[in-house]
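Student: Below, each chain spelled out in residue letters.
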Amino acid sequence: MLLSWLDKSLSSEEGFEQVKGYLASPLVKLVAWGLVSALLYHLVAGVRHLIMDTGIGETLEGGTKGSKIVIGVSVALILLSGVWIW
Amino acid sequence: MVTNVTNFSRSGLYDWMAQRVSAVILAAYTLFLLGYLFFSSDLSYAEWHGLFSSTGMRIFSLLALVALSVHAWVGMWTISTDYLTPMALGKLATVVRFLFQAACGIAMFAFFVWGVQILWGI
Chain A
1 MLLSWLDKSL SSEEGFEQVK GYLASPLVKL VAWGLVSALL YHLVAGVRHL IMDTGIGETL
61 EGGTKGSKIV IGVSVALILL SGVWIW
Chain G
1 MVTNVTNFSR SGLYDWMAQR VSAVILAAYT LFLLGYLFFS SDLSYAEWHG LFSSTGMRIF
61 SLLALVALSV HAWVGMWTIS TDYLTPMALG KLATVVRFLF QAACGIAMFA FFVWGVQILW
121 GI
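Which chain is which? The protein sequence lines are A and G, in order. Under the working numbering, the first residue of the first sequence carries the number 1, and numbering increases by one thereafter. Under the working numbering, the first residue of the second sequence carries the number 1, and numbering increases by one thereafter.
The shape of chain G in the complex, shown without the other chains:
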């Protein structure tokens, strides 16, 4: 079995599961927010701010943030290992793929920290 150090975990199965679990969390969060926005007519700042101040929403949002980071990492890792291959790029592939994954990792972490800061700052 090819051992791989850049994937999210020890085994592909763990990634596969993390991808599904994070997807379900994100689907629930997305549907909740879309529903909330859809059914709230003339949303006021107080109401919007109140929503994100409630502990329940904070927990849910933080959970979604973590799920987003996991989902994005596993997804982009899968894409990069599918397409940035020696067949496509020759001997450059490894370097290009590594830089791509590093960029994705940094972006993912930055968004996560930014999200936490927003939730924290309320």
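Just chain A, same shape as in the assembly:
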């Protein structure tokens, strides 16, 4: 989906306007928001894994704490992105 938007938006002035038109519709915004949310969660959880690779947060307690932080940060970013998209 993102590639097709990039393709169309870069192809021409009309294509760019067309993509802007897509983004106006609530359904497209919902799909885009869903995609961004999944990406943000994956990104935050990924960063956590990179941190764990350094040895931080590998204990049982550290693990559960890390998970809570990931969920907290993800929810916050997802809400913010929602505000931004809507």
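Please keep in mind that the hints were generated in silico from the structure rather than gathered at the bench. Where a beta carbon is used, it is the ideal one built from N, C-alpha and C, also for glycine. A couple of the hints might just be wrong.
What the hints assert, rightly or not - Now the stretches of chain G that chain A is said to cover, found in silico as 3 or more residues with beta-carbon under 8 Å: (1) 19-32; (2) 45-57; (3) 109-115.
Knowing the structure of chain A, use the given hints to seat chain G on it.
Tutor: Chain G alone, transformed into the frame defined by chain A:
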């Protein structure tokens, strides 16, 4: 050690590293684009087209495309070898897993070529 011909490389360690390196590249690219879109008010076609025409952005985008292919392949390979197992599917497992990986590989390559074509076509 179980030798495996369908993973990305000779050893699991190489995959592990490729996964991390590609993740960092993709994180940087994602944050850059999100930041760019967030801070640009009323983006015009000229500006958007200009961004992707600059050599720096082209290199960065191509790098992200390669990283995406690597990240996706290693990720999906890991998932398929975790879940499409004889325990789950019995003797069908190997065939199903192979077809799944082939499909992922083709999809990955198609997206990569499509992405390059977009960058190339500007």
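Student: Evaluate each hint against the coordinates.
Tutor: Results for each hint:
1. Check result for the segment 19-32 of chain G against chain A: holds, 5 residues qualifying (beta carbon to beta carbon below 8 Å, three or more required).
2. Counting residues of the segment 45-57 of chain G whose CB falls under 8 Å from any CB of chain A gives 4; the rule of at least 3 is met.
3. With a threshold of 8 Å between beta carbons, the proposed coverage of the segment 109-115 of chain G by chain A holds, since 3 of its residues qualify and at least three are required.
In terms of the numbered hints stated before, the structure departs from none.
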